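Once you've looked at the hints, go ahead and assemble the two chains, each given alone in its own frame, into the complex.
Sequence lines, in order, name chains A and B. Residues 1 to 258, numbered by this note's numbering, are exactly what the first sequence covers, in order. Residues 1 to 396, numbered by this note's numbering, are exactly what the second sequence covers, in order.
One or more of the hints may lead you astray.
Unchecked claim - Pairs of lysine-lysine, DSBU-like flavour, derived with a Cα cap of 30 Å:
(1) B:162 - B:83
(2) B:344 - A:140
(3) B:36 - A:180
(4) A:180 - A:245
(5) B:275 - A:85
(6) A:208 - A:50
(7) B:36 - A:86
(8) A:245 - B:381
(9) B:344 - A:180
(10) A:86 - B:83
(11) A:245 - B:344
(12) A:50 - A:245
(13) B:221 - B:162
(14) B:381 - A:85
(15) A:245 - A:234
(16) B:79 - B:275
(17) A:180 - A:50
(18) A:85 - A:50
(19) B:230 - B:4
(20) B:231 - B:36
(21) B:344 - B:79
(22) A:86 - B:344
(23) B:275 - B:344
(24) A:85 - B:162
(25) B:162 - B:381
Note that these hints are calculated values from the structure, not bench results. Everything numeric in this text was worked out from a predicted model, so none of it was measured.
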Amino acid sequence: MKSSRRKFLKLAAVSALGLGAGRIGFLGDAPAGAMDIPTAADYNAPMEAKHWGMAIDTTRFNQELVDVCATACHTEHNVPTIPGKKGVKWFFGGNFEETFPTEHGHYLAEDVEHRVYPLLCNQCEEPMCVRVCPTQATFKRADGIVMMDFHRCIGCRYCMAGCPFGARSFNFQDPRPFIKNFNPLFPTRTRGVVEKCNFCSELLAMGKMPACVEASGGALIFGDLDDPESDIRKVLRERFALRRKPDAGTGPSVYYLM
Amino acid sequence: MIEKALRGSPRYWGLIIGLLCVIGLGAGFWMFQLTKGLVVTDLSRDVSWGFYIAQLTYFVGVAASAVMLVLPYYFHHFKDFSKMIILGEFLAISSVLMCMLFVVVDLGQPQRMLNIIFHPTPNSVLFWDMIVLNGYLFLNAIIGWTSLQAYRNNMAPPAWVKPLVYLSVIWAFSIHTVTAFLYAGLPGRHYWLTAIMAARFLASAFCSGPAILLLLTLLVKRLTGFDPGKKAINTLATIITYAMCVNVFFFLLELFTAFYSNMPGHMAPIVYLFKGFDGDTTLVPFMWTAAALAIISLAMLIPYKIRQQGPALVTALILLVIASWIDKGMGLIVAGFAPNPFEKVTAYLPTVPELIVSSMVFAIGALVLTVLWKVALSVRKEVEGGNISMVAPKSE
Numbered sequence: 001m002k003s004s005r006r007k008f009l010k011l012a013a014v015s016a017l018g019l020g021a022g023r024i025g026f027l028g029d030a031p032a033g034a035m036d037i038p039t040a041a042d043y044n045a046p047m048e049a050k051h052w053g054m055a056i057d058t059t060r061f062n063q064e065l066v067d068v069c070a071t072a073c074h075t076e077h078n079v080p081t082i083p084g085k086k087g088v089k090w091f092f093g094g095n096f097e098e099t100f101p102t103e104h105g106h107y108l109a110e111d112v113e114h115r116v117y118p119l120l121c122n123q124c125e126e127p128m129c130v131r132v133c134p135t136q137a138t139f140k141r142a143d144g145i146v147m148m149d150f151h152r153c154i155g156c157r158y159c160m161a162g163c164p165f166g167a168r169s170f171n172f173q174d175p176r177p178f179i180k181n182f183n184p185l186f187p188t189r190t191r192g193v194v195e196k197c198n199f200c201s202e203l204l205a206m207g208k209m210p211a212c213v214e215a216s217g218g219a220l221i222f223g224d225l226d227d228p229e230s231d232i233r234k235v236l237r238e239r240f241a242l243r244r245k246p247d248a249g250t251g252p253s254v255y256y257l258m
Numbered sequence: 001m002i003e004k005a006l007r008g009s010p011r012y013w014g015l016i017i018g019l020l021c022v023i024g025l026g027a028g029f030w031m032f033q034l035t036k037g038l039v040v041t042d043l044s045r046d047v048s049w050g051f052y053i054a055q056l057t058y059f060v061g062v063a064a065s066a067v068m069l070v071l072p073y074y075f076h077h078f079k080d081f082s083k084m085i086i087l088g089e090f091l092a093i094s095s096v097l098m099c100m101l102f103v104v105v106d107l108g109q110p111q112r113m114l115n116i117i118f119h120p121t122p123n124s125v126l127f128w129d130m131i132v133l134n135g136y137l138f139l140n141a142i143i144g145w146t147s148l149q150a151y152r153n154n155m156a157p158p159a160w161v162k163p164l165v166y167l168s169v170i171w172a173f174s175i176h177t178v179t180a181f182l183y184a185g186l187p188g189r190h191y192w193l194t195a196i197m198a199a200r201f202l203a204s205a206f207c208s209g210p211a212i213l214l215l216l217t218l219l220v221k222r223l224t225g226f227d228p229g230k231k232a233i234n235t236l237a238t239i240i241t242y243a244m245c246v247n248v249f250f251f252l253l254e255l256f257t258a259f260y261s262n263m264p265g266h267m268a269p270i271v272y273l274f275k276g277f278d279g280d281t282t283l284v285p286f287m288w289t290a291a292a293l294a295i296i297s298l299a300m301l302i303p304y305k306i307r308q309q310g311p312a313l314v315t316a317l318i319l320l321v322i323a324s325w326i327d328k329g330m331g332l333i334v335a336g337f338a339p340n341p342f343e344k345v346t347a348y349l350p351t352v353p354e355l356i357v358s359s360m361v362f363a364i365g366a367l368v369l370t371v372l373w374k375v376a377l378s379v380r381k382e383v384e385g386g387n388i389s390m391v392a393p394k395s396e
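If we strip away everything but chain B, and leave its shape as in the complex, we get (with noise of 0.2 Å):
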């Protein structure tokens, strides 16, 4: 099927140019942080992680996000999703990428990262995420390709299918929790140490991730054609409204506890983010923009007969994802290094070069991605005789 992805329009061939050099350009400067060393980040004893890991925790998320359609098609049989189901699934591949990519990229020795494996170690979440990040990865290619294969020779998948979907459908809630307790779990920071880590990154996952999913969507139907019915984009955007909704609760919930309690060490990293601590201000323009815009998001969602009007559908949602990615691209990692172990706050902005090297991860998860759906779509094609909207055709 593979193949299907060597023939296409110059704007796609133009697509894959565009990716190419900017994953060469950034490829040049990654070349250049392995030389000089993670000195060329802004990074620092007191912020030792930054910008990567938070886009790892972001893309997780993402990736994750697919179980929203492979939970209703295969445990509720809505067959709806049916047309999604493998860009959901193409999506959750590229973001996973992202993410090891992104871990990749933020070591400071990545020649030797395979003592992950050689020296394995339980008591280290980072090693559990490790093993959960390539376990889904596999999960979605094996299932997506062999789905895909099925339907492109007019067959039901093999049934060693089903159990593996059904695998993944955990597998992709064991992902995002694992990612959580990277962080939930460490003493000395209390932004990030709350049982309720997990849950918040799960909905904000599961909003964040189907809403990016859904723009691409309506951006191919745009370019191709593509029409993945206006019931199951009506009923993706429901799904987005009430996990960001739940998304929105749980982060109330972290402000009562850590308000009502007065705990100065709770207190402490929210005041961080939206008010300023110790003279450093660098995020409170972003987290009341985020602030904002989520709620401007939700006033658009909740509305049933708002949402579902295109234009405003992907207004809100494009609110919606960079609320999201403020609070969990940029906020959450800083925020959990402020104030540091000394009461004191070490500002924190990612560099040129540190945005350059993210961009070559984002470039290439985006060429993986578009190469994926261009053989889905093609072989949707193939399948319905050119007729690539789906549209039964009329009988003789």
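Chain A with its partners taken away, still in its complex shape (with noise of 0.2 Å):
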């Protein structure tokens, strides 16, 4: 099924660029007219990778650096911004207890008790979200990252249950009037889905990177786990690195360079 929707997907972007009618009109209509509409020519040369991975350089991250990574991603995904239990978060932080539990760190170092820790969807190797998904609506793509259909989900929140990282939100209401700025390359939800991080996917397809590994200023590395030559091999050759929960046995893919 999936190489025959990535054959599908290649077909489709081939006939928009023989058609020569690259411009996706639909969206011409959104308010936010004023932005630059991809043309078929924007997704030619996708980022690809084996196993798509993270590496977080921790003595970087204070809670300013968190808040510019959260917006940036929640602008791009229009996250909205509920306060309270009930919220939707993509990209937040955490201090080294909530990040790491199960160290149950004593006597931590200054600088590692003091710091800020992004925290976002692990995109495990074994997702236990996706075993536990009902409709299939959570999928793991060939790349690694684990995804979301936001049109099949039928909000059991089972995936929220499995998920050991919390890395999950449920839209207990209607999102929409809670998103501050409307980005209209990205679809909003409705109530009653789960939602998380992509690994902004949609931006991969078009040859970007992340929207909180651009706005980190070089503090999120990202890239192919499954290449020793990448800059994300590179530096965790170098450096120590620690992983959320290693024990749950849902291998993440994002590391936390000490």
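Take a look at the structure:
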């Protein structure tokens, strides 16, 4: 099914090119019409990898930088800003204990204790959310990205119970009134479905880096974990890194450089 | 036979109308929830399942408990259950129905629920739960209705019912095992991640389910004069007592593993339930109440002489049902989410809309049960020539 979908997309892209009708017309009606509408040519050179991963240089993170990355992510993906315990979060921050609760750290080095650690979906190698989803609305792509089909999700929230990292959010209400800066290039969600970080698959398809990586000023290193020559593998060779809750057995693709 | 449900006393119709009113009110609140979203509940990012899913879990147990009558009757030829068995099967039907409705009201997008069938996913336990619950509903409906019809016509049930009965015994164990697997396979939820979860579920089901059945039967006995027989009552009370002992024993096993091993992840949810964690003590009074009621009910049930007395038995059963309901219908689900993945606790208590929507589901279950039991008891009355107590009429 996956390969046929890919074939279809390729075919669609080629036919769009062939027709010379590169403009995606219906997007032109969106309110923020001043934005550049992507053309089929923008998808000619997508970023590709066997296993996308991220390394987080935690030494460089404080609340300010977490906020910068979170804003970039939440603006790109139309993530609503809802205060309280029913909020939606794709990219957020936590202290050491919240990020690594199974470490039960005592007498932590002061700088380690006071850093703010970015939190996002770990894009696991063995994602529990994919295993428990009863409709395959959550699925894992060949390049390791764990994605969601917002239109297939029935809102049973089994994935939220399954995820050991609290990376998933549910739309308890219509999120649209809570979207601060509307981005017409990414779909908004409806109430009653789950959502989470998608490693900016929509930007990778256009050959661009994820929004948080761009905003981080080099503090987030993104690349192919299966390529020994990639930037992420180089930095992982050089520095000590932790993954969150390795005992949960899900194999996170997000590494924390300490 | 369904025409039997159309004729009844004013009291019967009063109950039906009362239940319909509750259903109507609850349906209104459900519409409210459908238009606003699950924001009307107290669920959150951290406690993403709550009262609805807890009731699903509890009533799967009640449904499975019919097997405590079916198994002795068919496998051990314990004929004293012959009059109660249909009541157990019909209770199972209404319970499974409630379970399925509790899943539906919990969904964020219920209009898409058939996606579970359009995109069948065998690696999801929820897919299997859908299959076993539906299967158990059909099995009990077919077996119960056919047996009752045969009884009405003064015939033995058709031969093809027997294999279905044997299947339903295994199926009853499967519905609660699969429901336990919904929780017991998740790596981040320590309270649920235990091999004994399915066994605990079955033990608590086999005490609380028959307890509810026996209480309802005793109520019907009082209202209509239907007498299930002293021996049936006493045997069921014995089964309940053993199952409750096993239930408490299994819980103590959990306590041993968690606290002797001293593993923080295993201890945290239990500490949360009985002492509070991260400053949240919402469930502490409930859990201690449950513990106390469980012990009192056992103290009244274990001595043979006490549990033989009607009022003492009824009291003990009510205490047992409350205790097991707090344990499974309140504590179990929330404690799975406490502490959350960030070692924090987010409080949860069901909201008024949540409780009213739930009462709609309870009322639908009660309505189905009332109608089915009315049919069963009317058929019995007809066959026995108005003698519902089933004491054999004097021969001429």
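(message) Going through the numbered hints above, which ones does this structure break? Give me the numbers in ascending order.
(response) 4, 8, 10, 14, 16, 17, 18, 20, 21, 24
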